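Q: Each chain, letter by letter, is given below.
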Amino acid sequence: MSNEDASDVEIAVSFVTRLPEEFRVSESAIEVPGRLTRYGLSEVVNHLLGATTPTPFDFLIDGTLLRTSLAKLALRLGKSAEATLVVEYVPALGPPTAAETTKCEAWVSSIDGSWAKAVVTGSFDGKARLWSPVGKLLCELEGAEERVCSVSLAPPSAGADAENACVVLAASADHTLRSYAVTLTGKKCELGEQRVFKGHEGTVTDVASAYGARLFASCSVDCTARVWKIDGGESANEKVTKKRRTSKKSEATDDDAMVDDASAKIGLGEELVLRGHTDQVRAVSWESPQVLWTGAYDNTIRAWDVETGEEKESHHTNSSVHTLDVSRGGSRFAFGGSDRLVNVWDPRESASAKACLKLKSHEGWVSCVRWSPTNEHHIVSSGYDGKVKLWDIRGRVPLHSVSSHDGKNFAVDYHGGERLCSGGDDGQLRFWNVGSSK
Amino acid sequence: MFDDTINSTGDVPAAWYRDLSHVGYNLAGQRLQRNVGADALSKLLNDVDDRSSWRKLSDGLTGRDFKLSQSDIVLLRRMQAGRLLTDPLAHITGISQIMENVVSTTEPKRRFQPSKWEAKSVLRLVRALRQQPRRNVSAGENDIQHTRDIWLGVQHLVHNSSGSVRVPKPLPPGNHFSFNPPAEYVAYLGKSSDYAPKSLRQLHSYENFTRERFERCLDLYLCPRSNRVRVNMAPDEILPQLPSPKSLKPFPEILTQSYTISEKIMSMSVHSSGEWLACSTKTAKVFIFDIHTGCCLQKISFGIAPTAIRWHPVKPRILLLILGCCVLVTDAFSVFDASNVNFMETSELMSWIQLGVSTFIVRHTSIVKEIVWHEKGCYFATIFGTKSGVMIHNLDKQESQSPFVKHDAPILGTSFHPTKAFFFICSQKSVRMYNLKTQELEKKFSKGTAVNSCMCISSSGLSLFVGTRNGNLLWFDIGSSTHSKVISMRGAAIGSVICHEKYPLLATVAFDGDVNIFHISETSDFDSTTEPMIVPVNTIKSTRTEIVDCCRIQFHPCQPWLFLQRGKANIGLFSPM
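If you read the protein sequences in the order shown, they are chains W and E. The numbering of the first sequence is full-length UniProt numbering, which starts it at 1 and goes up by one. The numbering of the second sequence is full-length UniProt numbering, which starts it at 1 and goes up by one.
Source of the hints: derived by calculation from the structure; they are not laboratory data. Treat the numbers as computed from the prediction; the structure is a model and nothing was measured. C-beta atoms are modelled at their ideal positions from N, C-alpha and C, and glycine is treated no differently. Any given hint could be a false lead.
What the hints assert, rightly or not - Some but not every residue of chain E turned toward chain W, in silico, with C-beta under 7 Å: (1) SER273; (2) GLU275; (3) CYS295; (4) THR543; (5) GLN559; (6) SER575.
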């Protein structure tokens, strides 16, 4: 049967949905032309609903997103032309619309938008910055001697106001991690205790705090990942005096500085070192407070038992892993890297991480992937081609692709369910409105 | 008399007569009746009784049955076995006895002498011939009427058993060569009967004589003297069977990152951790990039342009720079004030000057050209001066030594062996391998008249790759200097050849800007059965604007990525798809 014939076929379709009552149509089968695409079916459903303002819908057949014509997808799925096709419809995700743009002074390396009150970014000038949800600079968190490679938000210590307080974790290229306790009162930002975590022997590339445990994990160029207690580390005030002392001594000899560094290391001993990777570890993500996943340049992603510090699993990937995110349920993994693909791996479907769903659209390295906090099927990714792409993992093509930055795009994250923020090497922090347009 | 059973239907399918009662016509034009045999049951019963029924066959052409005789059966069996149809030894009875006689008894003398009776019979024949009266010519013509020379006009060369070819015979002389032609021939030529030259000088010269002699000489000269065996081969069979590049992934394929500076790049180096890329520019600056993000982390200025820059292979932040006559060892991320040092000043002896905590200057006697690190980072070697001196420096002890005699030929490059105490010096004609312990020349690698331009040693230390001026790549086995291969590439002279430390990859860059990437598989000591193999997997072409100084390439130490200078002020990173 040729394609033209397939398009001319009339297909019996039954529309179902999980939407509330006002969006429901009769489930009885109606005949529609097979050449109809998403837009045409959306018109049909809107006509059936009798709505005055049309709502765009997306359509799913057997859990596959309709992106070609109805007949082509039915043919691909091996559906009989005689049987009634059950089509589920969901409200379509509108294209991201540019909202606020703020100028950050340096390149933005990382973004965390998991706190409703503020967005935190890490910059190449060694500062972490807090921004209000509308893009106003709240405060700058200084301290790192070199660029901040990654930031993460952790819940505040017990006793603090859980709504308005937070702990910002910043990983820096000066081999340290810093935590800043931040309290927001109205538009004022109060800085609390600042702690320093030393131990890494190279640039710290990523940091992630665990949900529901006072732990966070970091990874570094020195081929290790480390797990720290948020309340551990040393106070930054002590550290300043120590630094003053070392700077005086540094003129003397190299050996003295070495001894000083060594003593500083011995003082910690609270972190858990996860050794096993053979190259730079680039990404960490928590599956649960007990299991940590890391992705590295050595083409593997590995799972670690945080209680024992042992490697649980190791899976080979097709290329170096630069970013990794575990979905909230902990069952699916999205990772990207130098192969320019967004890989979505479900261990329940294939045992090998090489045979995963490969979403191909970026024209540069994939710098960041994040699962949507509200929709279990949605992913946002950013790439060195300056694009931000929204994906539904039930389809193979991106839902939307926006050119967000002139140069490379290093970071993207959801802020709430309907906002995106992205940053890159043009030093701009951009906010985007997404959401099912109703 | 013809057999009246012959079917005259000719080359006609028997199926045409299938429904007819006859099967054709004989030569007399009468129908040949089909042999209507008994029915199948009676046939079966007959066959059960007749033991030789299997020999019975039916001739489809004549429609008759016939029976194979015993000799037919023998003949068929011989045909099936693929033997001769008649047994050549069948007429010899008692052959084994003869063989026994041959072997057991001594050879009689008569076997070695010419036969007396044959000689006698020949003599008798000769006498008979002589006594025979001369034959009549016409009778003789009748006799030879039916014989003719079948080889007439066939210019053939006769090969003897040893394969050599005999010289072709000249044509026998005809009547025109005759000094005294017969009378009838003279009459035929229309010459007078008194034409009878008495000496050779009186003969007319033959007009084609010189030409024929010349052609005869040419025949003798150009005649092939041996039988050459010509091998018919398709070109595909001669080429080695190479695996497809797709099965040899990963290798660098596409440009994914670029690091741009506004100034002309002199040298670049990738740190062994794969984190930083350092490059020096003509405007006396050193830029350090973060490879992952492409961010410029550090910018250092010097009074003089660093011609070469190398990261320490083990220590994280130590950088080695060539500044005029000096080699500077410094910490890349600590700012170092170099304004009060004169780098062009020479010293008679090598001198180490400490400038800071981990900052040294090694002052040479003349301008330094190239530096090479040892894998472990304790030693580095420098090439300096117009006379091409080579120095080996110990960084820990801060000592320098010159273990090798100065060479007149300019030195193109040096290298340490990755695992053993060997040192390689590449000059235009050869690559010399020295043993550092005994400080003696161990081996010399050269191939014909090839003019070397660059070299590198594979990370396993088994192979030495040399690029040549005529665009070839030479592959030497370091273990045995006799084993070598030439990989010919159509293109310009090779500017640089590099090997990957972790992946079996090799890259060459030619002066026309083409980068060829190869997959190499070397033989190890444990597995010497597999042939070493080199497979071209990718070519990166440069555009015309990028060709300027594009010979600087380097592999990423851990990833299958390639850094390539593209244009004056741009370094591109190529990574797999």
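Q: Hint check: is the beta carbon of SER273/E less than 7 Å from a beta carbon of chain W?
A: This hint holds: SER273/E lies near chain W, its Cβ roughly 6 Å from the closest one there, short of 7 Å.
Q: Hint THR543/E vs chain W: min CB-CB distance below 7 Å?
A: 19 Å, violated
Q: Per the CB criterion, is CYS295/E less than 7 Å away from chain W?
A: 6 Å, holds
Q: Identify whether the interface hint at GLU275/E stands, where standing means a beta carbon of chain W within less than 7 Å of its own.
A: For GLU275/E, the interface hint holds, since the closest Cβ of chain W sits about 5 Å away, which is under 7 Å.
Q: Holds or violated: is there a CB of chain W closer than 7 Å to the CB of SER575/E?
A: Hint on SER575/E: holds, closest Cβ of chain W at ~5 Å, below 7 Å.
Q: Using the nearest Cβ pair, does GLN559/E come within less than 7 Å of chain W?
A: Since chain W brings a Cβ to about 6 Å from GLN559/E, closer than 7 Å, the hint holds.
This entry does not satisfy hint 4, going by the numbered hints stated previously; all others are met.
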